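Chains A and B, in that order, give the protein sequences. Counting in the numbering used here, the first sequence runs from 1202 upward without gaps. Counting in the numbering used here, the second sequence runs from 24 upward without gaps.
A few of these clues could be false.
Here are the computed lysine-lysine pairs in the BS3-like style, where the Cα-Cα straight-line distance is at most 25 Å [said to hold, decoys possible]:
(1) B/Lys207 / A/Lys1262
(2) B/Lys168 / A/Lys1262
(3) B/Lys383 / B/Lys335
(4) B/Lys383 / B/Lys95
(5) B/Lys383 / B/Lys243
(6) B/Lys168 / B/Lys335
(7) A/Lys1262 / B/Lys383
(8) B/Lys207 / B/Lys243
(9) B/Lys168 / B/Lys247
Quick caveat, the hints were computed from the structure, so don't treat them as lab data. Just so it is clear, the structure is predicted and the values come from calculations on it, not from any experiment.
Here is what each chain is made of, one letter per residue.
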Amino acid sequence: MSAALRSLIAVSLIGGAALHICPPNGTRQILKLLITAILAAAVLTPLRELDYDLLGLEEAKLASAEARIIQESRQRERSLKEQAFIRNCEAYIQSHAEELGIHVENIRLSVVRTGEERWEPYSVSVEVSGNTAATEELCQLIQTELGIPAERQVWTLHE
Amino acid sequence: MRQLFCVLLLIPLFFCKAHAQELTPSAMDIFDAEIMERGLSEEEAEISGELGDGVYDIGAALTRLWRGVFEKLRLEMHTGLGFALSLLALVFLCAFASAVCTISQIRDAIEICGVSTAAMLLTGSMNSLVSQTVEAIYRLSDYSKAALPVLYTAAAASGAVSSSAVRYAAASLALDVMMSLSQKTVIPLIYAYLALTLGASVFPNPLLEAMQQLSNWAAKTVLKASTIAFTACLSISSLISTGVDAAAVKATRTVISASLPVVGGMLSDASAAVLAAAGVVRSCTGAFGLMAVSAMCVGPIALLSVKSCMFKAVAAAADSVQNARLRKLFSGLGNAIGLLMGLLGCSAIMLFLSFAAGMKAVTA
């Protein structure tokens, strides 16, 4: 850009000097017209060189930009929903364990996808401590309410 | 008993909200919200603050922003004062020399020497200002390419699927076109204005002044037209796409809740929690983006503001000593800096509107 600025400055200075020096007669009028044309071209050239194809290219990118946002949001939403579902199930087990007087130290639940945005609980690993008398009841509840059979439930009892 | 029953009915509402709050840190990770914090310099990051786990203190960020603005202005004034004094010294030296000299041609020559000296001193500085402005615009553009997808992805996940996608596409189209326009059109027009200002100062001439006004008008018109076109594009795309989303989200929720038992209820709760968490991410990232853009503009705007005021003040001083050439030069330089501020301001405003449109996307 420095070169462009220098050349523009040179043109305007030379043009101004020429008009300053030139006596007021017919030659001056011609010189004025010439300098007007040169300077107008210098000023308006950037407008003439606008990239009119750019708009077409950008419009073509519109559809892919929209599709990209929708696809990414769906992927991330699905991932977040899976996490939220797992937490809901774990919270459900935790709340029922508390009702039964069982102290749960850790719950880890895994899910399996059964549809577009549907999951089902698949297996669970539960670590309990303290009074473990009601674990059988909790195991039955998990099987009935969440559909995890006993063989996919891993229980760790801490003293 | 009735009151207890009502409380029991209300409990699930609190259950949902708590899950949304627990889910927000995971949502921030899943939506890559930390991308918003990358690409900021240390100073900008200090002003913007941190996104945290879905809690963004915008009040504190605004306070830091204002403090940053005043601090930058103070620094730039401190730096620019010496330069302004040297220009004032040049103005008064020329005025003194002209006053001492009795021959008008020599007075003209003194004024022309003064203008040429000022031009030589200022060309490098003006070129540097233009480069810094262009660099600031490119930084805004790069930041928008990283940050807008995060915001609009979260907005789409919070229920505004169609409108977010359409707004994102409209915003990125308009920003790309604007950046291209500024690089290829407005900057050359500003350079033309500077060159013609110099020419018209050295050799006062109605022709050069008319060309100077033409380039000024052309630059302002391109800026105004592009900003208006961007706003219209974003508004129209928002109006067209907004109505679709609300109906779609409501329909989906109803289907999930009605057809599945206990697990189905948890799925429905998970959907609601995700919508809420994504909404929090959308709001936080949108607010953070607005602060980050403001922080990125603080430095260049402060610099340009101080320089513009400085040139206007020196032009006024030149006018007071009746040095028309120097007055025209400094006044023209002040206007050129005003154009640069307008260019940067328009880019920032378009980015603000893009972030605001993402935050205001319709949700369930």
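These are the hints, each one checked on the structure:
1. With a CA separation close to 21 Å, the supplied pair B/Lys207 and A/Lys1262 stays within the 25 Å bound.
2. In summary, the hint linking B/Lys168 to A/Lys1262 is supported, as the alpha carbons are separated by about 14 Å, within the 25 Å threshold.
3. Pair hint B/Lys383 plus B/Lys335 does not hold up; C-alpha atoms about 40 Å apart against a cutoff of 25 Å.
4. The hinted pair formed by B/Lys383 and B/Lys95 fails the criterion: a straight-line CA distance of about 32 Å is larger than 25 Å.
5. Proposed proximity of B/Lys383 and B/Lys243 is contradicted: the alpha carbons are some 30 Å apart, above 25 Å.
6. Restraint check for B/Lys168 and B/Lys335: not satisfied, since their Cα atoms lie roughly 37 Å apart, outside the 25 Å limit.
7. For the suggested pair A/Lys1262 and B/Lys383, the alpha carbons sit about 24 Å apart, so the restraint of at most 25 Å is met.
8. A distance of roughly 14 Å separates the Cα atoms of B/Lys207 and B/Lys243; the hinted pair therefore holds under the 25 Å criterion.
9. A C-alpha spacing of about 23 Å is found between B/Lys168 and B/Lys247, which places the hinted pair at or below 25 Å, so the restraint holds.
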